[in-house]
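So the chains spell out like this:
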Amino acid sequence: MQNTDTILEALLFVKTEPISRKKLAEFMKIDENGINKALASLKEKLSGRGVRIIENGDSVMLGTAPEASGFIEAILKEELNKDLGRAGLETVSIVLFKSPVTKTEIDFIRGVNSQFILRNLMVRGLIERVPNPNGRSSLYQPTFELLRYMGVSGVDELPDYKAVRDSLDNFKATTESEEGGIGAA
Amino acid sequence: MQNTDTILEALLFVKTEPISRKKLAEFMKIDENGINKALASLKEKLSGRGVRIIENGDSVMLGTAPEASGFIEAILKEELNKDLGRAGLETVSIVLFKSPVTKTEIDFIRGVNSQFILRNLMVRGLIERVPNPNGRSSLYQPTFELLRYMGVSGVDELPDYKAVRDSLDNFKATTESEEGGIGAA
Amino acid sequence: MESTYIAKIGSFEGPMELLLSLIEKRKLFINEISLSEVTDDYLSHVRRLNDFPIARIANFIIVAATLILIKSRSLLPEINLTEEETESIGDLEKRLSLYKIVRDAGVRLKELLAGPTIWERPYARNKIPIFSPDESFTVENVHSAIQSVIANLPKKEILPKVTVKKVVSIEEMINSITERIAKEIKTSFSKLSGHTGEASTHENKVNIIVGFLAMLELVKQGIILVSQEKHFEDIGIETNRLSLGADNLQQAANN
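Protein chains in written order, with the numbering used here: chain A, 1 to 185; chain B, 1 to 185; chain C, 1 to 255.
None of these hints come from the bench; they were simulated from the model. Do not rely on the hints blindly, as some may be mistaken.
[To be verified] So, partial list: chain B residues that the calculated Cβ filter (under 10 Å) puts toward chain A:
{"hint": "1", "residue": "ASN3"}
{"hint": "2", "residue": "GLU9"}
{"hint": "3", "residue": "LYS43"}
{"hint": "4", "residue": "VAL101"}
{"hint": "5", "residue": "ARG124"}
{"hint": "6", "residue": "GLU128"}
{"hint": "7", "residue": "ASN170"}
{"hint": "8", "residue": "PHE171"}
[Unchecked claim] Sample of chain C residues with no beta-carbon within 12 Å of chain A, all distances over it, derived:
{"hint": "9", "residue": "GLU24"}
{"hint": "10", "residue": "GLU111"}
{"hint": "11", "residue": "SER136"}
All values derive from a computational prediction rather than experimental measurement. In this text, a Cβ means the ideal position worked out from N, Cα and C, and glycines have one as well.
I would like the entire structure built from these sequences, with the hints used as guidance.
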């Protein structure tokens, strides 16, 4: 019982949207009374901390302390203005030439994990995520705004579009046929 | 000053990705010494809580307490594939205990060309390549992802970290003078 | 029987793993003596690697060369090794010790990986994105970025030229060590003739050495395989202090 609020805090930390007490009770395998107790205890422990519980009717979620809002605005603003660097340019170029493309494909082509850079590009409205009709993993494509900004009306207007696309598709074919082999040094 | 760690916690909560002490200092308009103090104080406040600070080199981020791991898997409906295979494990072990380390050093110890396994681990986001301030060859280091997978909030929480690192360092003086020699298989 | 044996060798990722397993099977410590004791086992494993990708065979042969030196020295302590050869013996012991440390540490890492995970807070900003371009995102820059992405795509596993050079040079080394051994045997024969009572042990030793020389021939077959590798393309950027005669380079290039 002693660490129920610890687990509750961890659950609320990863759950980025409001969650009902009932659902919490289900996941934590305790009754709603237990959840209420844990919430009360967590609320107490969070007092004076940078993170706090926000309640809305039956649902709860974690949010930040109001006194931090100025700093948070600054950090969010920076996300919109910072130089995206080589990684940004590289990733955007792959999304443009191989659109629509999955994260796994982008990672394989770049040879590094693109999780954070994809996020940054999405936050800035340069690329967007669309559902994949053939699978679970989402597809990434350039936004209209990006194409317009670059002065092209479609990806096929990009220089060497066909040739570049072919090389990228070919690479996919080779890695797929050798998958499993690629890990064995 | 009293609420620096409150703001720090809020910033890390919102950021959801690793951030360097230097960046934090910029955002919080205090010096790095102030950041270190705030981190130490926050770390103390988080002890026994559902959230903790993970440190990797100069950067930090927030993560959940390992004891909540099972509940989170259930709520996120996600299970990580943490199988690295033997080659992966060997390579990751070298990177963790000898970081930052060059490919030549890794090849030297493993006796094989580690090109593919390194790429594979980078694609999975478990290790990353950073520029070498002293030379051409890149250096490899662990990522937050790798530490998180193992449930440790820093390399120093790895079993026998200091002892293993020391015993590897004992050979260092000699291997360094031979860089590019035998290991370049 | 044969096929299960091969499968067993195939499960060794690299030469260090094989070598360490041979030493540990005999419950030995890592040193020159134990390395010399497992040399025969190691070489007979390498002999069976012929069906494996050349790059893998090459890694095993490079280590085999050093083991041959170690074994030669244990059989004939009088044999003269060059400074570089002596150094490579010290290197191998060191590498194997390092390998053992990281492999043992890896076992504990595996346990950690099987345990609880620390989770990060997923990214979730449900705000509508504000279009904020980076001014470097021009058609021209994107085009040059994708060209470099393509140039950096990994090629199929091709044996680095330096490795081929190194393996080919091992053939030279084996020829030279064979010569040196033959010479040593002759001298020690003449030294020993006249000493009665030691003849049988001496004969025994000569037999061991002859068997060893036969083993060297087998390693050479592996070297031939490697030197026949056709795809010559440098994918490694490592430098290599190996010096090679122009003949060998030429020969390697022609194959």
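Hint by hint, here is what the structure shows:
no.	hint	result
1	ASN3	holds (6 Å)
2	GLU9	holds (3 Å)
3	LYS43	violated (13 Å)
4	VAL101	violated (15 Å)
5	ARG124	holds (7 Å)
6	GLU128	holds (7 Å)
7	ASN170	violated (26 Å)
8	PHE171	violated (22 Å)
9	GLU24	holds (22 Å)
10	GLU111	holds (21 Å)
11	SER136	violated (6 Å)
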